[in-house]
Amino acid sequence: METSDYLRILKEEIHSAVFATVDEDGLPVTRVIDIMLADENSLYFITAKGKEFYRQLMNRRYVAVSGMTGGEGSMQKKAVSVRGRVVNMGECLLDQVFAENPYMAEIYPTRESRRALEVFRLCEGRGEYFDLSAKPIIRRSFRLGAGDGQAEPQEGYHITEGCDGCGLCLSQCPQNCIDSSRTPFKIQAEHCLHCGNCVEICPQKAARGGSK
33 METSDYLRIL KEEIHSAVFA TVDEDGLPVT RVIDIMLADE NSLYFITAKG KEFYRQLMNR
93 RYVAVSGMTG GEGSMQKKAV SVRGRVVNMG ECLLDQVFAE NPYMAEIYPT RESRRALEVF
153 RLCEGRGEYF DLSAKPIIRR SFRLGAGDGQ AEPQEGYHIT EGCDGCGLCL SQCPQNCIDS
213 SRTPFKIQAE HCLHCGNCVE ICPQKAARGG SK
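Under this note's numbering, the first residue of the sequence shown is numbered 33, with each subsequent residue one higher.
There may be inaccurate statements among the hints.
As the list claims (entries may be wrong) - Pair ranges (Cβ atoms, derived):
(1) 131 to 170: 29 to 37 Å
(2) 105 to 241: 50 to 58 Å
(3) 132 to 92: 21 to 29 Å
(4) 83 to 206: 36 to 44 Å
(5) 90 to 237: 40 to 48 Å
(6) 105 to 142: 40 to 48 Å
Stated by the list, open to error - Taking lysine to aspartate or glutamate pairs in the EDC-like style, the calculated list, with each CA pair at most 16 Å apart, reads:
(7) 83 to 55
(8) 109 to 44
(9) 218 to 193
(10) 110 to 132
(11) 81 to 150
(12) 110 to 45
(13) 81 to 144
(14) 83 to 150
(15) 110 to 196
(16) 81 to 123
(17) 109 to 160
(18) 110 to 44
(19) 167 to 222
(20) 81 to 45
(21) 110 to 160
(22) 110 to 37
(23) 109 to 45
(24) 83 to 56
Derived by calculation from the structure, the hints in this document are not laboratory data.
As the structure is a prediction and not an experimental result, all values here were calculated from the model.
Every residue, glycine too, gets a C-beta built ideally from N, C-alpha and C.
Whole structure, please, built from the sequences with the hints as guidance.
Here you go:
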């Protein structure tokens with residue numbers, strides 16, 4: 033899957049996502065916002081100039097977004113999270129926003145009332161895709177904007193050269209995603225839950241968290 037595929041899931045399959053910003057006291061603030069447009073490596077959303085959300089976006093120019101698809105039970109769902117820099121696009125693309133999201137006309141029915149709105153573009157950052165419906169689960173990282181298409185550093189857990197192949201970690205991994213065919217063992221990052229069991233059990237301290 034490409035970055036555009038993950039953004040399409042956010043826009044079309046999730047649409048209403050949780051957006052997090054930071055207030056003037058440095059505290060996190062969340063709210064549910066609709067994702068209006070998506071292209072190859074950007075998300076677009078709108079807000080009114082009179083809202084605290086607008087002021088926080090303008091002050092920090094940064095947002096974190098998370099959403100989950102519907103489905104019968106957690107094991108049928110997919111989640112996408114993105115965090116990164118935002119750019120105020122003003123009224124640019126506002127007509128396209130209303131064309132692709134006609135329900136918005138019930139909230140802002142006249143062109144005059146829409147003068148309160150401005151479009152924001154999330155255009156540079158990192159994201160993560162998490163699919164619980166797959167067996168084993170799938171976790172993938174991606175970039176958008178600057179650096180899009182480059183390899184994303186592996187975040188989570190990995191095994192260093194200190195591994196002696198004792199195998200204690202294998203029984204502790206809930207997704208059986210540790211490749212023991214050679215030493216040092218290798219964690220298959222795309223299936224890892226980031227539970228940390230391997231770090232706790234490894235007598236050689238070869239299993240570690242963080243970026244590789």
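Now the hints, each set against the structure:
no.: 1; hint: 131 to 170: 29 to 37 Å; result: 34 Å, holds
no.: 2; hint: 105 to 241: 50 to 58 Å; result: 29 Å, violated
no.: 3; hint: 132 to 92: 21 to 29 Å; result: 27 Å, holds
no.: 4; hint: 83 to 206: 36 to 44 Å; result: 42 Å, holds
no.: 5; hint: 90 to 237: 40 to 48 Å; result: 46 Å, holds
no.: 6; hint: 105 to 142: 40 to 48 Å; result: 43 Å, holds
no.: 7; hint: 83 to 55; result: 12 Å, holds
no.: 8; hint: 109 to 44; result: 14 Å, holds
no.: 9; hint: 218 to 193; result: 10 Å, holds
no.: 10; hint: 110 to 132; result: 23 Å, violated
no.: 11; hint: 81 to 150; result: 7 Å, holds
no.: 12; hint: 110 to 45; result: 9 Å, holds
no.: 13; hint: 81 to 144; result: 14 Å, holds
no.: 14; hint: 83 to 150; result: 11 Å, holds
no.: 15; hint: 110 to 196; result: 36 Å, violated
no.: 16; hint: 81 to 123; result: 11 Å, holds
no.: 17; hint: 109 to 160; result: 14 Å, holds
no.: 18; hint: 110 to 44; result: 13 Å, holds
no.: 19; hint: 167 to 222; result: 11 Å, holds
no.: 20; hint: 81 to 45; result: 27 Å, violated
no.: 21; hint: 110 to 160; result: 11 Å, holds
no.: 22; hint: 110 to 37; result: 13 Å, holds
no.: 23; hint: 109 to 45; result: 11 Å, holds
no.: 24; hint: 83 to 56; result: 14 Å, holds
Checked against the numbered hints given earlier, this structure breaks hints 2, 10, 15, 20; the rest are met.
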